[in-house]
Every structure is written in structure tokens, then in C-alpha cells.
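Peer 1: The listed protein sequences correspond, in order, to chains Z and C.
The numbers in our numbering rise by one with no breaks, and the one at position 343 of the first sequence is 343.
For any residue, its number in our numbering is found by taking its place in the second sequence, counting from 1, and adding 1000.
One or more hints might be untrue.
Stated by the list, open to error - In silico EDC-like pairs for lysine to aspartate or glutamate, Cα to Cα no more than 20 Å straight-line:
1. C/Lys1040 to C/Asp1017
2. Z/Lys252 to C/Asp1269
3. C/Lys1162 to Z/Asp335
4. C/Lys1090 to Z/Asp335
5. Z/Lys297 to Z/Asp335
6. C/Lys1090 to Z/Glu92
Stated by the list, open to error - Quick look at which bits of chain Z chain C covers, simulated, 3 or more residues with Cβ under 8 Å:
7. 102-115
8. 150-160
Because the hints were derived from the structure by calculation, they are not lab data.
From a predicted model like this one, the values you see are computed outputs, not experimental measurements.
Virtual Cβ for every residue (Gly too), placed ideally from N, Cα, C.
Protein chains: 2
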Amino acid sequence: MAVNERFLRACRREPVDATPVWFMRQAGRYMPEYRTIRAKYSLLEICRQPELAAEVTLQPVRALGVDAAILFADILLPVIPLGLGLEFAKGEGPVIDKPVRTLEDVQMLKPVYAEANLGYVMEAIRILRGELSGIPLIGFCGAPFTVASYIIEGGSSREFLKTKAMMYSAPEVFHALMEKLSVVLSDYLVAQIRAGAQAVQVFDSWVGTLSPRDYEMFVLPYSQKVLEAARAENVPVIHFGTNTTTLLPLMKRAGGDVIGLDWRVPLDDGWALLGQDTAVQGNLDPALLFAPLPEIKTRVHDILRRAEGRPGHIFNLGHGILQNTPVDNVKVVVDMVHEYSVQSEKVP
Amino acid sequence: MAVNERFLRACRREPVDATPVWFMRQAGRYMPEYRTIRAKYSLLEICRQPELAAEVTLQPVRALGVDAAILFADILLPVIPLGLGLEFAKGEGPVIDKPVRTLEDVQMLKPVYAEANLGYVMEAIRILRGELSGIPLIGFCGAPFTVASYIIEGGSSREFLKTKAMMYSAPEVFHALMEKLSVVLSDYLVAQIRAGAQAVQVFDSWVGTLSPRDYEMFVLPYSQKVLEAARAENVPVIHFGTNTTTLLPLMKRAGGDVIGLDWRVPLDDGWALLGQDTAVQGNLDPALLFAPLPEIKTRVHDILRRAEGRPGHIFNLGHGILQNTPVDNVKVVVDMVHEYSVQSEKVP
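Bound conformation, chain Z alone (with noise of 0.2 Å):
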């Protein structure tokens, strides 16, 4: 079968023939053929078991239709080797047994080698290169900052006043931190597209709690060191965040050839913040896949139509797939997608 080649065509913003879908966590707890394999294994074993990982990608592909597969794993990976310890309470999301609060902290974090570490992340890629019949694979990571909030907090935050008092009262921690991060992440990233990642997305999905002056003292330097050592692997690369109107611009500068919007900027304008020299990925509120279809497509079409004129959208959510999500709601968007491109291009 011919390789898909709107998803990595829109990523280098050249004409396609239809705008590319996909949608970050495409694969989880919504999808009963998920469940299925839930029941028998933890979060953690199925990233650890290549060929379970690898099948969990394969479902959305098979059951939706989408134009890539993101591989099925965690942000938090990284933080297992680093020596941190990681569990997934029940209800509660990620615990870090270990948070870094210190100086002494960071210095006692173990250093990683991707495919000594990680290695169970690269045979699954591999896997699925062998299996994904055409459809591209998105390898991935966390960004420097996101992966340091969940370090410092010791699992999820809402206010990330551990991070930012941190920052603001012992900067060498957190910068020291940071370093440690960008080169771990750095390197995992590009492990996954030497593994044969066809595109690689790094997730800053909190990076929307800061002011634009805290992201460039404190979080830009490292994210541009993981999306230059990814970029320099000759591949696409998507930067994402949440929240982040203001931060676009200075997102840009830390790299990607790709931005993620959410739903709180209208996708034009999130463009227009960007400039036409980067392609964007969004936006649809993940919410909207519990409406009502007409209600649907309306949101569906109001974003393609704000794409319309320049090559370079990728649609996908303004962030992942929420529990409980319908399964038909989101096939229905992937084919609203595919057709209303190929209604309008009829359109003279």
C-alpha cells in the first residue's frame, strides 16, 4: 500500500488532497478494544510489552480511519530510569514516588540511555513500522517543562506553585533540572525516530500556566534543544501546548515545524500569531465530541474553513481524546474531515 502521505505533507505545509486527521490519545479508554486489553494489564505493562504497545497504536488506526498513528506510551517514561519511580494510583493520575526538590535531587538522578533504558519504546516502533501498512507513525515526547512540573509537584498540579517557587526562589535547581531534562528527552526522541518515528510531536501540555517572560527565562532554551536535536533527524516535528495564546510566538522561536492551537484561539488567529511559515495542528474542545452531530459538524467545518487558502493544517483536537468519549462521534469527524476537503477543492 502507498505510504499516507497527507499527515507528513501537511507537516511540511505542501499541498494535499485532503486535510490530514488525527487525534492526540486516539488510543485509550474510550475504545472498548482498549478496555479489553486494560482489564488484563496495567497502564505501565502495556507500554513495557512492545507487542501490546503496539497493538493498542493499531486500534485507532484500524477502527477510525485516521491519517497517523501516535505510538501508544507516556510522557513520563523517561522518569523510571532517571530513578524517580513512577505508579499510576488508581483515580489519581501519575505519583512520583521521588520528587526533585533539591539540588542533590538532580545530581542523584541516574543518567539515561534511551535504548539501554527505553528500549521496550523502540521495538514497538519497530513493530509498527513492520505493521502500520502506509500510515505514518508520530513518536513522542514530553517537553522539559511538563516532565519537570509532574518531577517537582509528584504528580498532577493545578496551580504548579511547587514548579514556580521553585523557579523563582532556587533557579540554579530548576535550571539545573531543565539541563538534565532536555538531554534525556533529547535524546529518547531521537532514539524514536532512528527506531523509524516517521514524525515526532513533543507534548508542553502545561506550559500554559506561565507568563510569556517566565517561558523565555525558564522554559524556552530546553525546549529548543529537544526540537533542534529532533529536527536535525530530518523529520516533522510538532511542539504543542495548551493555554498558550500568549506564548505562540515565543513557542515558535523554541522550534517546530508544526504548532499545536487549542480551542481557546480560533485557529486563524492562532496562524495568523504563528505567521504562514509554520504549519498548526488543532483545535477542535474535546468536549465537542459529546455533541449532538449537526452541532458537530458545524465546529468541524468552522475550523477546516479557517484553514482554507494555505497548505499546513493538521486536524486534531486542542488536546486529547477525554474518557467516555463516543467512539462514533470521532469516526464521524474523521470522515467530516476528509470530505469536506474534498468538497471544497470541487468548489472553484
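Starting from the known structure of chain Z, arrange chain C on it as the hints suggest.
Peer 2: Okay, now just chain C, sitting in the frame of chain Z:
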């Protein structure tokens, strides 16, 4: 003692001798005086005993030297006479016993008569006007969307999925609830003004979860009713939200003499989005109150510098004071703001 006019003048964009400063949640657990009272009474007990509410309101005025007092109360108090039940579960925030999910639920909401059902709030205001020698008193309510989100979710939320699902799938229920809340909240705010509040703030704390399109369709008309009802009483009205960069022009259209800005948007950029015919309030990240003094000073001065050259800036945080905030740092910020303004006046 003469009335401290700084705050009220700045709301009206009139020149002031020094930038006025107050803090959202300036009374609360970070203050030892407050914790002494909280050891004996629950949050709701304090709200419902006007002498206690007044005492707690006065604590930060005495301790910090702020230019305005804000009534100690909770945005969810109107939920009690609506018949929905309200508790504050330990460490979990507010819990609403009977969330609203259907049109029948909305129709079952009891009528609320502010003076009869929430008279303890107005009584606290009357006590405070007798005791606040010269410091203006701010009354407040939640905006319809933010109050509705608690009522629909049954408490706090990260994703606001039930709220959005109702907007999209049962808009008639959502609109009916918002209509009802806009009446109740307008009456409540007007009652506060008639009891003596010299300015009011409408808290739309969580509205930043919405796209501009959803804000315009589902929120703007109802916020507008509340803001206009207050405006008609001839006191300054502050319209506050977080995460609102892309909503600012619509929030201005909804109303308010002063619009709140959070730290995600540099103050001058946010002001430019609003236009010079609006006053602004903000916008230090509350986490910066945990920083060392030189860093706090740099950030406070940066905000003041961005506001220079035009009247109409009220210094505040971008959101409420966080628990465990060092009181001394809060006091220092008040002094920094006042001193900066005096110094900069000396510069020709």
C-alpha cells in the same frame, strides 16, 4: 478619616496619587488571624454570621494597608437558597448536593430574595460600612457561567465536561439555568450595593475554559445582565476572569468599568486588546508571592511600568492569594506599589 479615593478613582480612570492595590482572597487561610477564627468556625459559619464575616474582612485591611476591602463571602452562597445544598468537604472544595442536569432541575430551583435569603451578607456590609473608616468596600458575586459550572458539575472541575456537554447537547437546559442565575445574581449584587458596597466585582473565574464562540453564544448575554444591573446602581464594576486572553474583547462587550487580567498576558498587551476606555486590574502571578524579595520587586515594577502613562490601573494578582503565602511578602507588595507610584511621580 477621609475616604481613600485611590481605588474608586482608578476604577473611573481618574488620576491618582499612587496606584491602588488590593488582593483577591486577601482574607483567608494564609493569615494567622484568620486561621484563629477558622479553628472555631466553618467557612459557611463565618459567612453566615455577619460580625464574623465583617471581622475577617477587616483583618487584611488592618494588616496589609490595602486600598480596598472585599467582603468575606463565597461565590456559591446563592446556591443555598436555590435549594441545591452546599458543603465544603475537607480538602475537596465545594460540593453541591443536588447538581442541575435537566430542565426539571432548573424549574425546581427556588426563587431567591436577596434580603430575605442572603440577608446575612447585606448585614455584614452594613456593619463594615460603619467600621471601615475611609477604605472602600467591594461586594461581589460569581458570574453566571462560573456559578453554573459548579451547579452542573456538582463541585470543582478541570475539564468542565458536564457543563460543556449540557451546552452542546441540551442548550435549552443550559440557557434556562443561565437565565435563572443571571436574575438571581443581578438581584444579589444590587442588594449588596444598596446595603453599602461601593464597588462590585463579578468573578468569572473559570470562563477561560471556553472558546470565544462558546463565550459569545452561551455566556455573554447573561454576564451582561448582571454587569448592567450593577452598573445601573452607579458604582464601579470589575469584571474578572482567568485564562481569558482570547475572550477579552467579548468580556469588554459584556461590560465592566474595569477588566481583570491574569499573568498570562503582559498587562500592556492585555490593555491594548481592551482599549484605553477600560480600566484594568492585575496581574501578578500569585505564585510570585513565594519568591525572594528582589524577584518580587522586579515583577511588581514590571507590571507598574507597563501601566504607566495613563490612569486606570488597579494592582492585584491575576487570581486569588494561595494558601501558605507568606504574609510579609503580601505586605511588601502593597508598599512596593505605593512607593513606586510616588517615586515615578517625581521623575519629570
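Peer 1: Each hint: holds or not?
Peer 2: Structure-based check of each hint:
Of the pairs offered as hints, the one joining lysine 1040 of chain C and aspartate 1017 of chain C is violated, with about 41 Å between alpha carbons and a cut-off of 20 Å exceeded. Only pairs whose Cα atoms come within 20 Å are accepted, and lysine 252 of chain Z paired with aspartate 1269 of chain C is accepted, the gap being roughly 19 Å. About 26 Å separates the Cα atoms of lysine 1162 of chain C and aspartate 335 of chain Z, which puts this hinted pair outside 20 Å; it is violated. Taking the CA atoms of lysine 1090 of chain C and aspartate 335 of chain Z, the gap is near 47 Å; set against the 20 Å cutoff, the hint is violated.
Between lysine 297 of chain Z and aspartate 335 of chain Z, the direct Cα distance comes to roughly 10 Å. Compliance with the 20 Å bound is thereby established for this hinted pair. Under the criterion of a C-alpha separation no larger than 20 Å, the hint pairing lysine 1090 of chain C with glutamate 92 of chain Z is consistent with the structure, at around 17 Å. Three residues within the 8 Å Cβ limit are the bar, and the region 102-115 of chain Z against chain C gives 0, so the coverage statement is violated. Counting residues of the region 150-160 of chain Z whose beta-carbon sits less than 8 Å from any beta-carbon of chain C gives 3, enough to reach three: the coverage restraint holds.
When the structure is compared with the earlier hints, violations turn up for hints 1, 3, 4 and 7 and for no others.
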